[in-house]
Structures are given as structure tokens and as C-alpha cells.
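Q: Listed below are the residues making up each chain.
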Amino acid sequence: METNDSKESSREIVVPGDLLAISGKKAGPGTYSEGGKIFASQLGIKTVRQDSISVVPLSGQYIPIRGDLVVGKIVDIGASNWLVDINSPYPAPLHVNEVPWRVEFGETGKFMTVGDIVLIKVVGVDEVKRIQVSMQDHGLRKLTGGMVMEVSPSKVPRVIGKNGSMIQMLKNETGCRIYVGQNGRIWIDGELDNIVKAVRAIKLIEDESHSLGLTEKVKELLSRKGSEREM
Amino acid sequence: MGGTPTDLKLIDERGLRIDGRRPDEMRPLRIEAGVLKRADGSAYVEWGQNKVMAAVYGPRECHPRHLQNPERALVQCNYNMASFSVEDRKRPGPDRRSHEISKIISEALTHVVFTEYFPRTSIDVYIEVLQANAGTRCAGLTAASVALADAGVPMKDLVAACAAGKVADTVVLDLGKEEDNSGQADIPLGYVPRTGEIVLLQMDGDLSPEEFDKGVRMAIDACRKVSEIQRDALKRRYSASSADVDAAQAVPEMPKEGP
Chain A
1 METNDSKESS REIVVPGDLL AISGKKAGPG TYSEGGKIFA SQLGIKTVRQ DSISVVPLSG
61 QYIPIRGDLV VGKIVDIGAS NWLVDINSPY PAPLHVNEVP WRVEFGETGK FMTVGDIVLI
121 KVVGVDEVKR IQVSMQDHGL RKLTGGMVME VSPSKVPRVI GKNGSMIQML KNETGCRIYV
181 GQNGRIWIDG ELDNIVKAVR AIKLIEDESH SLGLTEKVKE LLSRKGSERE M
Chain B
1 MGGTPTDLKL IDERGLRIDG RRPDEMRPLR IEAGVLKRAD GSAYVEWGQN KVMAAVYGPR
61 ECHPRHLQNP ERALVQCNYN MASFSVEDRK RPGPDRRSHE ISKIISEALT HVVFTEYFPR
121 TSIDVYIEVL QANAGTRCAG LTAASVALAD AGVPMKDLVA ACAAGKVADT VVLDLGKEED
181 NSGQADIPLG YVPRTGEIVL LQMDGDLSPE EFDKGVRMAI DACRKVSEIQ RDALKRRYSA
241 SSADVDAAQA VPEMPKEGP
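The listed protein sequences correspond, in order, to chains A and B. Note that the numbering used here numbers the first sequence so that position 38 is 38, with each residue one more than the last. Note that the numbering used here numbers the second sequence so that position 31 is 31, with each residue one more than the last.
Source of the hints: derived by calculation from the structure; they are not laboratory data. Backbone N, C-alpha and C fix where the C-beta goes; we use that ideal spot for every residue, glycine too. It is possible that part of the hints are untrue.
Said to hold, decoys possible - Under 7 Å between C-beta atoms, here's a sample of chain B residues computed to sit facing chain A:
#: 1; residue: P59
#: 2; residue: P70
#: 3; residue: R72
#: 4; residue: T121
#: 5; residue: M155
#: 6; residue: R194
As the list claims (entries may be wrong) - Calculated lysine-lysine pairs in the DSS-like style (CA-CA distance at most 27 Å, straight line):
#: 7; chain 1: A; residue 1: K110; chain 2: A; residue 2: K73
#: 8; chain 1: A; residue 1: K26; chain 2: A; residue 2: K129
#: 9; chain 1: B; residue 1: K177; chain 2: B; residue 2: K214
#: 10; chain 1: B; residue 1: K177; chain 2: A; residue 2: K155
#: 11; chain 1: A; residue 1: K25; chain 2: B; residue 2: K177
#: 12; chain 1: A; residue 1: K37; chain 2: B; residue 2: K177
#: 13; chain 1: B; residue 1: K235; chain 2: A; residue 2: K25
#: 14; chain 1: A; residue 1: K26; chain 2: A; residue 2: K162
#: 15; chain 1: A; residue 1: K217; chain 2: B; residue 2: K225
#: 16; chain 1: A; residue 1: K217; chain 2: A; residue 2: K203
#: 17; chain 1: B; residue 1: K37; chain 2: A; residue 2: K73
#: 18; chain 1: A; residue 1: K155; chain 2: B; residue 2: K156
#: 19; chain 1: B; residue 1: K214; chain 2: B; residue 2: K225
Kindly generate the complete structure, drawing on both the sequences and the hints.
A: This is the structure in C-alpha cells:
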């Protein structure tokens, strides 16, 4: 789990207003610069890279970014769109044109109803944060069966792991089908025992996301749960 | 020794105050971050006899809709005193005083929050005073800014607050209840330590310009100390597990989970 960028990082927790650097580097996410100095704007972990300095937040709401894959829930139906809750401060209307089916005006309810879970992609965010989402891409669809759990959006990268290593391990060990949305919603489907196992592992990741050797801990939990069942 | 406020000796021969503090001494302050599970961010402050809880929700969709600002987030603050927070029962519900305090605290916080990052949303701050003993608006603002940082809201700095005042013709720091009730003046002050800006300043009572300057200077010095305690509280929340933080490296490029 080593990267050349993170070698430099000191894993220091910073608070808004903390001075991070006098200058020379770019102010990355979670920071702001004023008078040539870079300060932290969020509570998080200071991360220093070659050319920039940023703060990895420890908490916060999900703010949609173009290209994000999210797990949404239909909360309302219009004549030509569905309103999807994507766990962010902004509502996301899913227009019939953005859906893989041919939907006649007013027949939206025949395809998806309130409460349905969908795997969608954020395709547009404008300056006033109006969100456009789409279901027209490879693998995007309405999710049937399974269950949805929520984690803090700031922990999503931890659940996925470096280059998807963590999520790959979860999938391999539990045999579940798992989709992790950038908005912190995770859809899991598989055998009940395995779902329980996966949920426990994800909760562990969320609780101990900033401890060392997380992968080993999760691995241990996954194998232990397996043996417990055999007893 | 009548015991009526008029012959209450607020400062004794040795120059000590009613609770034994020196004129420039603050009451003990303790802050705890992240005390409420349901809120996005929270903080609990014990400042002398004051006990204040602050919770932050959001940024979230702003309701009612007509309050939405297409350019920035709205910081909405709600200061409330519990009915059991004071000696005589406080009649519950909003009143003139709590409206005023809510307004000035949300204005002080708006100044430090990067509201332009979250257009059309509102950031809701709830301040509950569980026990009051003078200086609750300062305690409330102090708690609220810790709760905001705990919620992960981007901001320029934490706001620290402390009051100064005049008691028995002496300028003193951080008035207690007796001093507030029978003192001559009270100046609550909210301060941004990084920039030196004053984001909240009120005055109740009369002071000469010299006394005012002295009081403000005292309060600013105290705010710097408050700020240290705030920062420590936030760092402490994660330090249990932060000695071995692994988080920074798992993230760099935010790998996406492909379907």
C-alpha cells in the first residue's frame, strides 16, 4: 500500500485555519491560500505531494462531481423524469432521455417507482450545482434485490481501497456483488450470511478507516466469520 | 452582610474576584468534539458552570426554498436555552434574546465558512444551553465552530469567543453570573485568531474608551487560548486512532469502482 506521494506525508491531523505551507505548492482540496500561504480549510489529514498540498477530510457531505458513480433512490416521479435522492444536498432529476428504455410521456411510473434503487452516473454539475444524472452507460441500471447500506462519503475511498484492492478483496471473500457509490451508499447482493459478513467488514473499514494495517484487519474479520459459521 | 447584590463584594482586598479568580483569569474551559451520533458534527462545551451543546447538520437542501441563495450556503443558527438551564425556570421557546443571539452567532459563523462552495444549501447549527452561568453566547459560538469543523464544513478558521467586562470599577475577563448581574459592563467578543478579525462584538453597560480598549484586548488574548483548546478538542477526537493513520495513502486518486 505504498505510494511515492504518501511517503512524504506525515499523517498529521489538521484543523481549519492551520498553516500548512508558506508557499511554492498548489493549494489542493481541503485547503485555501491567502497572502501566499496555504491553510487548512477542513478537519482532516495533511497530505503533501510533490507539487501540491491537500487535506483529506475526515467527515463531510457528499458533493457531486461529474463522472461520479452513485447509488440513488427514487423519491418522486414526474411525467418525464424521476427524482433521485443521491445522499447529497442537491436533488438529482433523472430525465427519461437519460434512461436505457423508451419511455412515453407520463409513463415513467411503469418503469421505476418510488423506493427503487438505481445505479447512476453524475453527468453534469453546473455552477449552481444543478445535477444531471444518467443511466445510459455500461453497467448502469436499476438495482433489484440486495440491500443498501450507508457509510460516510468521506470513507468511500477507504472502502474501495487503492486501485479497488479493498473492494476486490471483499467481493472475493464474501462472494457478494457489491457496488460502492461515491455518495457513500453501498449496494450488496448475495447470500444472507455473506451479506452480513460484508456489512460487518464495511462497518469495520468505516470505524477504523485511519488505522494502520486495515487490510489485514478486514482480512482477519472475513476469515474469522467464515470459521465461526462452521463451528 | 446583607447579601443583596448592591453590597455584594465583587472584588476583595487582595484584588481577587468572587470565585477567587484574578481579573484577567478565565474560567476553566473544556471542549469535547463529536459527542452526538445523529448530527453531522457536534461539540460539548463546559465553561465554568456553563454547559452548552452544539450540533451541525448539512450542508443540506435549504427549506423553505425562498431562503435559498443561488450563490452561497446559508448558515442558520438556532440558540436555545433549556427550561432548566437557569435558576428560575426559563419559559421554553424562542424569545427576543434567543433570536438576537441566534442572529449574531450565525453572522459570525457565516464570516468564516466557505459558503460559496455549497450554493443553494443551508448549514444548520443548533446550540442548546443546558446550564447557564453568564457568557453562554460566547460558549455557544465556541461550541458551534468546533461542531462545524467536526461536520467537515470548510472554513477559514475556527471562531473563538470570550467576554470581558467591568466589575467594581475594574476591567475583568470572562464574567461569572454574579459579576454579570451586578457588574457595570459586559463585552462578548468573537474573534478569528488567524486573521485577527472580530466577528462578534456587543456591549452591555458603560465603559470609558480606555476601559473598552483594555477589555477588548483582554478578551482577544483569552480568545487565543480558547482557540488552542478548540483545536486540541478536534485533534483529540481522532488522535486515539490517529497515531497510526493509514487514511492518507488509500485515497490519492479516488479510484472508482467500476460496475
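Q: Going by Cβ atoms only, is B/P70 closer than 7 Å to chain A?
A: This interface hint holds because 5 Å falls under the 7 Å limit.
Q: Sort out whether A/K25 lies within 27 Å of B/K235, counting only the CA atoms.
A: Between B/K235 and A/K25 the Cα gap is close to 25 Å, so the pair holds against 27 Å.
Q: Does B/R194 pass the interface hint, meaning its C-beta sits closer than 7 Å to a C-beta of chain A?
A: With Cβ-Cβ at 5 Å, under 7 Å, it holds.
Q: Checking hints one by one. Is B/R72 an interface residue toward chain A, by the C-beta closer than 7 Å rule?
A: violated (10 Å)
Q: Under the criterion that the straight-line Cα-Cα distance not exceed 27 Å, is the pair B/K37, A/K73 satisfied?
A: Distance of about 23 Å is within 27 Å: holds.
Q: Within a Cα-Cα threshold of 27 Å, do A/K217 and A/K203 meet the stated pairing?
A: Roughly 12 Å between the alpha carbons, so the hint for A/K217 and A/K203 holds.
Q: Starting from A/K37, check that the Cα of B/K177 is at most 27 Å away, please.
A: Violated. A/K37 to B/K177 sits at ~42 Å, over the 27 Å cutoff.
Q: Under the criterion that the straight-line Cα-Cα distance not exceed 27 Å, is the pair A/K25, B/K177 satisfied?
A: Answer violated: A/K25 to B/K177 is near 49 Å, above 27 Å.
Q: Can you confirm whether the C-alpha distance between B/K177 and A/K155 stays at or below 27 Å?
A: The hint is violated at about 44 Å.
Q: Within a Cα-Cα threshold of 27 Å, do A/K155 and B/K156 meet the stated pairing?
A: holds (23 Å)
Q: Can the restraint linking A/K110 and A/K73 be considered satisfied, given a maximum Cα separation of 27 Å?
A: holds (16 Å)
Q: For a C-alpha distance cap of 27 Å, please report whether A/K26 and A/K162 respect it.
A: Roughly 23 Å between the alpha carbons, so the hint for A/K26 and A/K162 holds.
Hint violations for this structure: numbers 3, 10, 11, 12 and 15, all remaining hints satisfied.
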